[in-house]
Each structure stands twice: as C-alpha cells, then as structure tokens.
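Student: Model the full structure from these sequences, guided by the hints.
Numbering (numbering that gives the first Met the number 0), first residue to last: 0 to 112.
For the record, the hints were derived by calculation from the structure and aren't laboratory data.
Treat the numbers as computed from the prediction; the structure is a model and nothing was measured.
Any given hint could turn out to be false.
Claimed, not checked - Distance windows between CB atoms, simulated:
id	residue 1	residue 2	range
1	Thr92	Ser72	18 to 24 Å
2	Ser7	Arg39	28 to 34 Å
3	Pro38	Ser72	19 to 25 Å
4	Gln15	Glu89	16 to 22 Å
Beta carbons are placed, not taken as given, at the ideal position from N, Cα and C, and that holds for glycine.
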Amino acid sequence: MKTSDRQSHFYQQIYQLVRKIPPGKVATYGQIAELLGRPRHARQIGYALYRVAPDSDIPWQRVVNAQGMISHSPQRQGSDDLQRILLEQEGITFNSQEKLDLRRYRWQPDLLE
DNA sequence: ACGGTGACACCAG
DNA sequence: TCTGGTGCCACCG
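Tutor: Structure representation (structure tokens):
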C-alpha cells in the first residue's frame, strides 16, 4: 500500500471518528490520534481538519487542543472565531481565559462500538 | 529533493 | 501559571 493511500485512509478514519462526537461535547487533537492508534500524531489531526470545508457535515468545531482552547492561526481565515461561536451555540461556555472545561465537556467514546 | 513550517503535546524551570 | 525547548512527521514550495 502506498504511503499516500495510507495517509488518505488515515484522514478518512479521522473524519469518521470526528463525526461521532455528539453536540455539546469535544475531543482534543491528541485524543483523536490516540483513539486511532497513532499517539503523538496530533498534528495530523489538525492538517486533516484544515481541509474540511466550514459548511461540511463533519463537526470539525468539536476538536480543540489539550488545554481546552481553540487553536488560533491566521491560516484559518476566521474559522477559529467561527469555531467558538458554533461551540457556544451547542451550549459550551468559555471562561475568562478563553478555555472550556475539558473535565465537563470531553467526549468519552463508547468502547462497545 | 529537501528543509522550513505548523488547527499539537509534553516537560523543565 | 507561563515560557521556552523538544519531539513529531506530513505538507508544501
């Protein structure tokens, strides 16, 4: 299997898993990578989500960094600001330090799937 | 082809 | 807490 095929397959796995995150819950980049059996590949999750169109059916907004914060970047062309708006619409609140409470909102995937 | 870059994470101080 | 350094590895010019 070519490397490029393995990679796009990995991206599909990422999208499929992110789709399972229910409204009002979030996962971290590292958590997604680990759940897919690739610890330390958190950056790949960011790359995969970067390619997702803002109006996609993939709930890309439900993935944040390990500090419970939205990762900002000029490259995102404002989708980072949109991310916060979408999450707040789902009932998620941010504290004065722009952080959401991971203990409260972290998605716990059902192991029996 | 190759080196800089980055929607990350973790650790030391 | 916060900051800086390090590990990681696909992406892109």
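Student: Hint by hint, note whether the structure agrees.
Tutor: Hints, verified against the model:
1. In this structure, threonine 92 and serine 72 meet the distance hint of 18 to 24 Å, their C-beta atoms being roughly 23 Å apart.
2. At about 20 Å, the beta-carbon gap between serine 7 and arginine 39 misses the expected band of 28 to 34 Å.
3. Evaluation of the 19 to 25 Å hint for proline 38 and serine 72 yields a pass: the beta carbon distance comes to about 23 Å.
4. Our hint of 16 to 22 Å for glutamine 15 and glutamate 89 holds, since their Cβ atoms are close to 20 Å apart.
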